[in-house]
Amino acid sequence: MISHLFQRVLLIAAAMLLAVPASAELYGAQGSMLANGMQIVAVPNHRSPVVSHMVWYRAGAADEPPGASGIAHFLEHLMFKGTPKYPDGIMDEVVARNGGDQNAFTSHDYTAYYQNIAVDRLALVMEIEADRMRNLILDPKEVATEREVIIEERRMRVSNQPAAILDERLDAALWLTNRYGIPVLGWEQEMRGLSREDAFAFYHRFYAPENAILVVSGDITLEQLKPLAEKYYGSIPRVGEPNARQRSADLDATANVSVTYSDVRVRQPQWWRKWIAPSYNAGNKADVYPLTIFDSIVGSGSTSKLYRALVIDRKVAAGVGVSYDSAAVSYGTFSISMSPSPGVSIEQVQAALEEELAKILKDGISDADVARAKERILAGLVFAKDSSLGAAQGVGGMLVVGVPLEEIEDLPERLRAVTADQVRSAARKVIVQSASGTAILLPKAGG
Amino acid sequence: MKTLFAATAILATVLTASYDAQAVTVEEVTSPGGIRAYLAQDHTNPIIGLSFLLQGGAALDPDAKLGLSGMATALLDEGAGDKDSLAFHSELEDRAISLGFSADRDAVLGSVSTTTQASSVAFEMLNLAMTQPRFDSEPTERVRRQIQVRLKSESENPNRIASRTLMAALFAGHPYGRLESGTPETVAAITTDDLKQWVKTRLAKDRLIVAAVGDITPAQLGQALDKIFGNLPATTKLVATLPAASVSRKGQEINVEKALPQSIISIGQPGIKRSDPDWYVAQVLDYSFGGGSFASRLMDEVREKRGLAYSVSSSMQAFDAAGLVMVGVGTRNDQAQQSLDVIRAEFKKIQKDGLTEAELNDAKQYLTGAWPLRFSSTGRIADTLVAVQKDKLGLDYLDKRNNYINSVTLSDTKRVAAKLYQPDALTVVVVGLGAKANDAPAATGKRPERERKS
Chain H
1 MISHLFQRVL LIAAAMLLAV PASAELYGAQ GSMLANGMQI VAVPNHRSPV VSHMVWYRAG
61 AADEPPGASG IAHFLEHLMF KGTPKYPDGI MDEVVARNGG DQNAFTSHDY TAYYQNIAVD
121 RLALVMEIEA DRMRNLILDP KEVATEREVI IEERRMRVSN QPAAILDERL DAALWLTNRY
181 GIPVLGWEQE MRGLSREDAF AFYHRFYAPE NAILVVSGDI TLEQLKPLAE KYYGSIPRVG
241 EPNARQRSAD LDATANVSVT YSDVRVRQPQ WWRKWIAPSY NAGNKADVYP LTIFDSIVGS
301 GSTSKLYRAL VIDRKVAAGV GVSYDSAAVS YGTFSISMSP SPGVSIEQVQ AALEEELAKI
361 LKDGISDADV ARAKERILAG LVFAKDSSLG AAQGVGGMLV VGVPLEEIED LPERLRAVTA
421 DQVRSAARKV IVQSASGTAI LLPKAGG
Chain S
1 MKTLFAATAI LATVLTASYD AQAVTVEEVT SPGGIRAYLA QDHTNPIIGL SFLLQGGAAL
61 DPDAKLGLSG MATALLDEGA GDKDSLAFHS ELEDRAISLG FSADRDAVLG SVSTTTQASS
121 VAFEMLNLAM TQPRFDSEPT ERVRRQIQVR LKSESENPNR IASRTLMAAL FAGHPYGRLE
181 SGTPETVAAI TTDDLKQWVK TRLAKDRLIV AAVGDITPAQ LGQALDKIFG NLPATTKLVA
241 TLPAASVSRK GQEINVEKAL PQSIISIGQP GIKRSDPDWY VAQVLDYSFG GGSFASRLMD
301 EVREKRGLAY SVSSSMQAFD AAGLVMVGVG TRNDQAQQSL DVIRAEFKKI QKDGLTEAEL
361 NDAKQYLTGA WPLRFSSTGR IADTLVAVQK DKLGLDYLDK RNNYINSVTL SDTKRVAAKL
421 YQPDALTVVV VGLGAKANDA PAATGKRPER ERKS
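Here the protein sequences come in this chain order: H and S.
Position 195 (the first sequence) corresponds to 195 in this note's numbering; numbering is contiguous.
Position 324 (the second sequence) corresponds to 324 in this note's numbering; numbering is contiguous.
I should point out that these hints are in silico values taken from the structure, not numbers from a laboratory.
Note that the structure is predicted; figures quoted are calculated from it, not measured.
Check each hint, because a few of them may be wrong.
Here are the simulated lysine to aspartate or glutamate pairs, DMTMM-like style, with alpha carbons at most 20 Å apart [stated by the list, open to error]: (1) S:305 to H:263; (2) H:444 to S:276; (3) S:227 to S:206; (4) S:364 to H:101; (5) H:315 to S:257.
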């Protein structure tokens, strides 16, 4: 599937959000709150004397004013330009001179900034991050140059990639008035009009402690983090109320849409479908854990039901991918993608998938399937704690959409409590009743 | 009886030497059967990671069967011993064991990640995959289909086109110049006999390098090594070394015209191998030149000052038989030539003057300060320890490495930059309309409308 995270610089092999969130000791995270409303969390892992320091803002592309699509992501880029104390982009140099890597990324629901650095330099990056939460300065010339950079980023990630062009169209059709229908990078026409004032307006509205979450993972404890957080972030005043995160969640039109795109650059057809699905915040929240298990049963690994049926037995697809994204402020998505085998048409592979899904939903999920999927997911959870730097992303990505720390850590218990009937019922509701969008990517003659 | 005896023998014969570096203590373990491995114990979480490589990779595949190593490694875990593909994968997935093989130009790579509890099964499965792979017809044809579909979908990807065109030009006549993943035709030509022969010739103990990290003791690792690798052949007499590659210095520009809104430019020239005594100087140079993200000259000149690109970077590639200096950038068609001019100017500048004192210090501070970031997950540590052994850097390398960086002097950078960077020898590949835009008289000024359509 197409990722909706855009970052300031392309990373090779970036470990983004861990697919599996939290245990009674899933991450072993510890949380607290500063008086100004800033949430702080430590995820201890003492394997190496390094930390990942992250500040997550509860503001992303879905919080943009109409007509200014891309401003959240543009601001993310501009946040590295400077403050009176760290002007002219020198914060990059300062962090690098201290052996740190820094970057940032933007999604529909949040913007996150991070530095990976030796723990004895933690105070330095906290000072920089706290400074730019309120003291950003923007030189109009730098704004103009950076606007060209984000347009190049759009060319690279979208215009140069037929699948991304189609996915943008699909989202626009599927989400209709929901803000998730607008691309995180923005529409090119609107990106060209983004101004310094637009960036400042977004910044002043949302970049404030009551909208921010500090997550530090690695060689740190909450006890050690607290005084540092007080010192650097504690004195920043509140701006107002936390972002209410309006998402125009009106989705009562259940029309299924289908979007086809042909491009001379396409050699291999692709098919994917997204269903609007419950998330931690929208739709039937009780279905989130059952759907996590359904996702595993139909789509995880080469023993999953869809891979076995479509790729191994019927051989109509060369590959099938399934993903369920429940970490969203508005609705989540359940997605299935396929590459048809040589000589198999898109219509054939789509029909085969629909047949298999119907069989699975009718009587294809046994109690044993559910028990086995649970055991598999639970067995894998121990790896969530492995990466001292990656844990901050796993925890932060859930906290920032409003999942409480206790619930993140309680994932094993929540999964254990799911019954087979709940899995069947949740799956039917999404696959049969929920609105879906289908993308069909085809070669174009003349290529 | 036999088992009991073996267990005692193992305790007696596991030899270890250790070196404490950063937060990671590395020791060398030799199994009772004589297999050596680096080990970094960490008993915090019940997780074990094991990485290994076998020298000799896709560059050894015959022309007519290109893609053989890729296909064989994809099939090792698709059924082995008495377990067919489904049974094999069920064993792994039920226990959250990740086991995988791949091949690059120079080596066959493998890794396994497992909980301590499941480790005995994980090691047994790994052994089965390497010694008794089945190559049943269903998974063989499935994997062949998957590779062919992937090759097809990548065939028009501008980055892929740029990189395969560049490698073909830089390494004309050498195995490195070939598309290591093969073509739909060469992959179609691979037979089950080829795959079985591949296993017989490529997997042997004399070219094996292993590292383990996590919740395992030296004695347990000694046992595991013999269980996993003990019954591989001692040698298959494979000559894994390749002919030395002479990298093109012709200084040519190759244009691959494609109707793209953004041109992808890939640049290459001869570099140095990992064993070169100037390796660390080159690392420092590359950081300042284009490897160091926002701290680099290329990022500053191309992106920060001019807004010509979102992504621009350089790297030092060290293959077994050759090294490369490479640069990649994605830039608007009508500015492609300007980007290229800026990059060429930077090649000239660094060749002429090396680094400034300030740049040298910045590079040292970053490269030494960021070194511990490498040791943040089981898999990353294991991979690093495999590389340390492959490059014969020694048990104490993790600790010594920063000294190597710190000992680079300003005159080193000037001396090495003068011979390393060769602005007149650059092979440049432009995929898109960047070259065309240059020929058009209006190219330096306004952006043609057609390019904005996608």
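Check your understanding: For the pair supplied as a hint, residue 444 of chain H and residue 276 of chain S, is the alpha-carbon distance within the 20 Å limit?
Key -> violated, 49 Å
Given pair status - residue 101 of chain H, residue 364 of chain S, alpha carbons within 20 Å
The given pair, whose Cα atoms are some 14 Å apart, holds under the 20 Å limit.
task = For the pair supplied as a hint, residue 315 of chain H and residue 257 of chain S, confirm whether the alpha-carbon distance does not exceed 20 Å.
result = violated, 36 Å
Residue 305 of chain S and residue 263 of chain H: Cα distance at most 20 Å? violated, 34 Å
Subject >> 20 Å limit on alpha-carbon distance, applied to hinted pair residue 227 of chain S and residue 206 of chain S >> reply: Judged against 20 Å, a Cα distance of about 16 Å means the pair holds.
Violated hints, listed in ascending order, are 1, 2 and 5; each of the other numbered hints is respected by the structure.
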